[in-house]
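First residue of the sequence shown? That's -4 in this note's numbering, and the numbers climb one at a time after it.
What the hints contain is simulated information worked out from the structure, not anything from laboratory work.
Honestly, I wouldn't trust all of these hints.
[Claimed, not checked] Restraint ranges, calculated between C-beta atoms of paired labels, are given here: (1) P351 x W143: 19 to 29 Å; (2) S241 x W143: 19 to 29 Å; (3) G60 x T164: 52 to 62 Å; (4) P345 x E184: 18 to 28 Å; (5) P351 x N317: 21 to 31 Å; (6) T164 x P332: 24 to 34 Å; (7) S230 x R340: 19 to 29 Å; (8) W270 x M52: 22 to 32 Å; (9) N50 x W143: 22 to 32 Å; (10) E121 x K157: 21 to 31 Å; (11) E121 x G223: 35 to 45 Å; (12) R111 x G346: 34 to 44 Å; (13) D224 x K245: 22 to 32 Å; (14) K324 x G223: 19 to 29 Å.
Just so we're clear, the structure is a prediction, and the values are computed from it rather than from any experiment.
No residue lacks a Cβ here, since even glycine has one placed at the ideal position from N, Cα and C.
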Amino acid sequence: MPRHLSTIFCVTFVCINVFPLYILVKIFYFSGNSTRMAEEAPLSPMVQLNHRIGNQMFMYASTFGHARAQHRVPVFIEARNLSRMAEEAPLSLMVQLNHRIGNQMFMYASTFGLARAQHRVPVFIEARNLSRIFKITSRRRMNSFKRWRVFKESSYAKFDSKLRKFPETNIFLLGFLQSWRYFHNVDDEIRREFTFVPSIQKKADVVISDYRSNVTNHVLVGVHVRRGDFLLPFSWHHGYRVAKASYFVKAFAKMRSLVPNKNLTFLVASDDLPWCRDNIKDASVKFLPNMTAEIHLAVLSRCDHVIITGGSFGWWIAWLANGITIYYKGFVKIYSPLEEGFSARDYYPPGWIGLP
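All chains should be modelled from the sequences, with the hints used to inform the complete structure.
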């Protein structure tokens, strides 16, 4: 900058030493008679939080809303009182629900169970997908006043004993959390949480009524066959395996031996119906037409017993059905990257029957 111009930099701070409230920093410089604000500084509405708690909450909420609507950064002076309230609130356990339905159900159930066991409040980010399917009650959102510590699960389908006792702070949990051990303490509550919303219940009732028989001793066995994404190159190299036709012959025979003197109907749903029609040959088999995932989940989980291959979606069908479950033991390849994070004892509940 040329020396003949008088230049003065002025930095103005509105300091608020309360995490994570916003700190306003504005930088001005004077060049001759001109004054400009640094372009990178966002426009900010500012309010001083005073009076009693209720008034302060109105001030905070209204300023926050106006700022968001106008793409501005809200600034608060003297927010210590509200921040103190947040610090005194019960500790929380938060998780972001992502991936597909089965994975989200594991994240929800495990976080719910871990939170209950440690007297914490479960917090779920992006619970809209599950709330569209189930009557879930825990839809709390993150409290922006709180401090959060990130805690990562060590394996995707092994019980991690470190999660039994978190540090005394609010925890943001990362992981797939795919073990029944995380929520066996709240089984009954999870079953209530995973009650289907009426619209899905009604559709499932219509579908399953077509297959329920008035024949004496009739038993409906749901069969879920997952193939599609397990056959992709990445999944295959990672260690996912699909069940062969011989598995279903053994599984059907085993189910008949466990439920003797009954008229069994095997109701098959899959992401690869052509393969199923060509390879699952049994006079008692019926094939569900292609439907949305949530309808397949609702229909098969209402069957008396279940046969599954692999994957979290089939796992939850079996868990919700709560009858006899037969699963494919070979869906995780031995000595594969997938097996490193997998424990059959932690993944499959006691009493489930594995067949090769």
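Now the hints, each set against the structure:
{"no.": "1", "hint": "P351 x W143: 19 to 29 Å", "in the structure": "44 Å, violated"}
{"no.": "2", "hint": "S241 x W143: 19 to 29 Å", "in the structure": "49 Å, violated"}
{"no.": "3", "hint": "G60 x T164: 52 to 62 Å", "in the structure": "29 Å, violated"}
{"no.": "4", "hint": "P345 x E184: 18 to 28 Å", "in the structure": "19 Å, holds"}
{"no.": "5", "hint": "P351 x N317: 21 to 31 Å", "in the structure": "25 Å, holds"}
{"no.": "6", "hint": "T164 x P332: 24 to 34 Å", "in the structure": "33 Å, holds"}
{"no.": "7", "hint": "S230 x R340: 19 to 29 Å", "in the structure": "23 Å, holds"}
{"no.": "8", "hint": "W270 x M52: 22 to 32 Å", "in the structure": "58 Å, violated"}
{"no.": "9", "hint": "N50 x W143: 22 to 32 Å", "in the structure": "28 Å, holds"}
{"no.": "10", "hint": "E121 x K157: 21 to 31 Å", "in the structure": "25 Å, holds"}
{"no.": "11", "hint": "E121 x G223: 35 to 45 Å", "in the structure": "24 Å, violated"}
{"no.": "12", "hint": "R111 x G346: 34 to 44 Å", "in the structure": "23 Å, violated"}
{"no.": "13", "hint": "D224 x K245: 22 to 32 Å", "in the structure": "24 Å, holds"}
{"no.": "14", "hint": "K324 x G223: 19 to 29 Å", "in the structure": "21 Å, holds"}
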